[in-house]
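Read top to bottom, the protein sequences are chains A and B.
Counting in this note's numbering, the first sequence runs from 318 upward without gaps.
Counting in this note's numbering, the second sequence runs from 104 upward without gaps.
Note that these hints are calculated values from the structure, not bench results.
Only a predicted model underlies this, so the values are computations on that prediction, with no experimental measurement involved.
The beta-carbon is built from N, C-alpha and C at its ideal position, and this holds for glycine as well.
Keep in mind that a hint or two might mislead.
[Said to hold, decoys possible] Calculated Cβ distances over 10 Å to all of chain B for the following chain A residues: (1) Ala427; (2) Ala442; (3) Asn495.
[As the list claims (entries may be wrong)] Not the full set, but computed from the structure, chain A residues with beta-carbon under 7 Å of chain B: (4) Ala338; (5) Pro342; (6) Gln343; (7) Trp348; (8) Phe349; (9) Gln352; (10) Phe354; (11) Thr359; (12) Leu367; (13) Ser368; (14) Ile370; (15) Ala371; (16) Leu372; (17) Arg374; (18) Arg382; (19) Thr385.
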Amino acid sequence: MATEPIDLEVAGTCTDAAGSAIGMPQLCDAWFGNQIFWLLVTLVVIYFILSRIALPRIAAILAERQGTITNNIAAAEDLKAKAHEAEAAYDQALADARAEAGRIIDAAKAEMKADLDVAIKKADAEIAERTAEGEKAIAEIREGALAAVKDVAKDTAKELIVALGGTADARTVTAAVNARMKG
Amino acid sequence: MADEAHSAAATTGADMAHGADAAHGADGGLVFHPMDQFLVKPLFGHAGDPVFWYTPTNVTLWLGLAVLAIFAIMVLTTSRRAVIPSRGQSVAELAYGFIYKMVEDVTGKDGVKYFPYIMTLFMFIVVANFLGLLPTAFTPTSHIAVTALLAMAVFLAVTILGFVLHGFKFLGLFWVSAAPLPLRPILAVIEIISYFVRPVSHSIRLAGNMMAGHAVIKVFAAFAAVTAIAPISIAAIAAIYGLEVLVSFIQAYVFTILTCVYLKDALHPAH
Chain A
318 MATEPIDLEV AGTCTDAAGS AIGMPQLCDA WFGNQIFWLL VTLVVIYFIL
368 SRIALPRIAA ILAERQGTIT NNIAAAEDLK AKAHEAEAAY DQALADARAE
418 AGRIIDAAKA EMKADLDVAI KKADAEIAER TAEGEKAIAE IREGALAAVK
468 DVAKDTAKEL IVALGGTADA RTVTAAVNAR MKG
Chain B
104 MADEAHSAAA TTGADMAHGA DAAHGADGGL VFHPMDQFLV KPLFGHAGDP
154 VFWYTPTNVT LWLGLAVLAI FAIMVLTTSR RAVIPSRGQS VAELAYGFIY
204 KMVEDVTGKD GVKYFPYIMT LFMFIVVANF LGLLPTAFTP TSHIAVTALL
254 AMAVFLAVTI LGFVLHGFKF LGLFWVSAAP LPLRPILAVI EIISYFVRPV
304 SHSIRLAGNM MAGHAVIKVF AAFAAVTAIA PISIAAIAAI YGLEVLVSFI
354 QAYVFTILTC VYLKDALHPA H
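Only chain A is shown next, with the shape it has when bound in the complex (with noise of 0.2 Å):
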């Protein structure tokens, strides 16, 4: 076990003979001296290499690249309002053309039921027409029909009195029809 012998009157000299520190070699003032002026050439060309080199680059290093977020987010932006933009003319375009679909649909029907319209008065009025004719035809055959069953009745009650031995007289007969046919 060595103890680190402290004496401070060789500690002036820092080392013993082997070569090893006395005490603490920070204390010894004989070392001072270099340890200071090397010190300040280090700081010096330290402070000169950031100052003049390293920092005024990083500086312009990290100020393009806020300045390439920034413009990347404003194109974003643009991109977004953009986006919006031809949403809202798809919106329209659809809108739009629901309305042309609707105005269609309604002037088709509207066609049609013009259409329709003439076809059916033209349908009633031939009916109407026919049905006319029909009547006429009828009243006709009931008139027809009647005067028939008149000589008939004449002609029937004629021979019926000349059977019965009778002379039959055609003005009595037929105001006798006439009164029968109208009661």
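Given the coordinates of chain A, assemble chain B onto it according to the supplied hints.
Only chain B this time, still in chain A's reference frame:
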């Protein structure tokens, strides 16, 4: 006894002149030299050569490596300037955003112009800490001379900045106007003491944390020489190493955020 142990430590001390002694002391049992890793040595020439202020030392080497690492992390990775970052560029951007946000949050918008200085501090400390975790590395931030310089630089800069920006109104920092009048002089004394203790705690916190962790790893490493407890020792090294990785980052973070807090006092001294 001590000499014998020290001879054995020459294997870690990298002093070729004492190689014969090292061979002699190799079977000398447990050897503890946890502080040898903090020695400052000249890069060229003999180990015993004197260290002048301009001598290139292992401090120079590891500070230089820190500069290269920072250059690689912050400059080389961002050379493509990609909008969609690579992994390396993400790290650089993360470090930038982390410190920038810290400065902005703690000091406010008007503190942002001091961001490069704070970024320099943070990058230096965090990179030096992590490089120091490499085996056989030297850790500049474990030296009080280094952290004291950093802390004094922050302290002086903040104090001068406070007086330049606010003149004598900066002294309002010590005059707690929210407290009852009789208490204010007492509080002022306390505030002034705490103000001047700042650089001390600021520097010792960083150096102490780094030194302690590295020394503890070295102590456990010495135990690994004993076969019976080597597995425990190695497991402990792994565990402490994991802790040190965490500490390396946290101490850099703490040093930087305290700098921001002190800077905020200079910019807005009112309580």
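Chain B contact restraint on threonine 385 of chain A - CB to CB distance below 7 Å: With Cβ-Cβ at 6 Å, under 7 Å, it holds.
Quick one, is the phenylalanine 354 of chain A hint okay against chain B at 7 Å, beta carbons? Since chain B brings a Cβ to about 5 Å from phenylalanine 354 of chain A, closer than 7 Å, the hint holds.
Using the nearest Cβ pair, does phenylalanine 349 of chain A come within less than 7 Å of chain B? 5 Å, holds
Report holds or violated for the interface hint on threonine 359 of chain A, using the least CB-CB distance to chain B and a cut-off of 7 Å. Threonine 359 of chain A check passes; min Cβ-Cβ to chain B is 4 Å, inside 7 Å.
So, as I understand it, the hint says serine 368 of chain A touches chain B; can you test that by seeing if any CB pair is closer than 7 Å? 4 Å, holds
Asparagine 495 of chain A clear of chain B by more than 10 Å, beta carbon to beta carbon? The assertion about asparagine 495 of chain A holds, with a minimum of 127 Å to chain B.
Hint check: 7 Å Cβ-Cβ cutoff, leucine 367 of chain A to chain B: 6 Å, holds
Holds or violated: the hint that leucine 372 of chain A contacts chain B, with Cβ atoms closer than 7 Å. This interface hint holds because 6 Å falls under the 7 Å limit.
Report holds if the minimum CB distance from alanine 442 of chain A to chain B is greater than 10 Å, and violated otherwise. Answer for alanine 442 of chain A: holds, closest chain B Cβ roughly 88 Å.
Quick check on the hint: arginine 374 of chain A CB to chain B CB, less than 7 Å? Since chain B brings a Cβ to about 5 Å from arginine 374 of chain A, closer than 7 Å, the hint holds.
Does alanine 338 of chain A meet its interface restraint, that is, does its C-beta lie within less than 7 Å of any C-beta in chain B? Holds, because the Cβ-Cβ distance from alanine 338 of chain A to chain B comes to roughly 4 Å (cut-off 7 Å).
Double-check glutamine 343 of chain A for me: the hint is only fine if its C-beta lies closer than 7 Å to a C-beta in chain B. Where the cut-off is 7 Å and the nearest Cβ of chain B is about 5 Å from glutamine 343 of chain A, the hint holds.
Against the hints set out earlier in the document, no violation occurs for any number.
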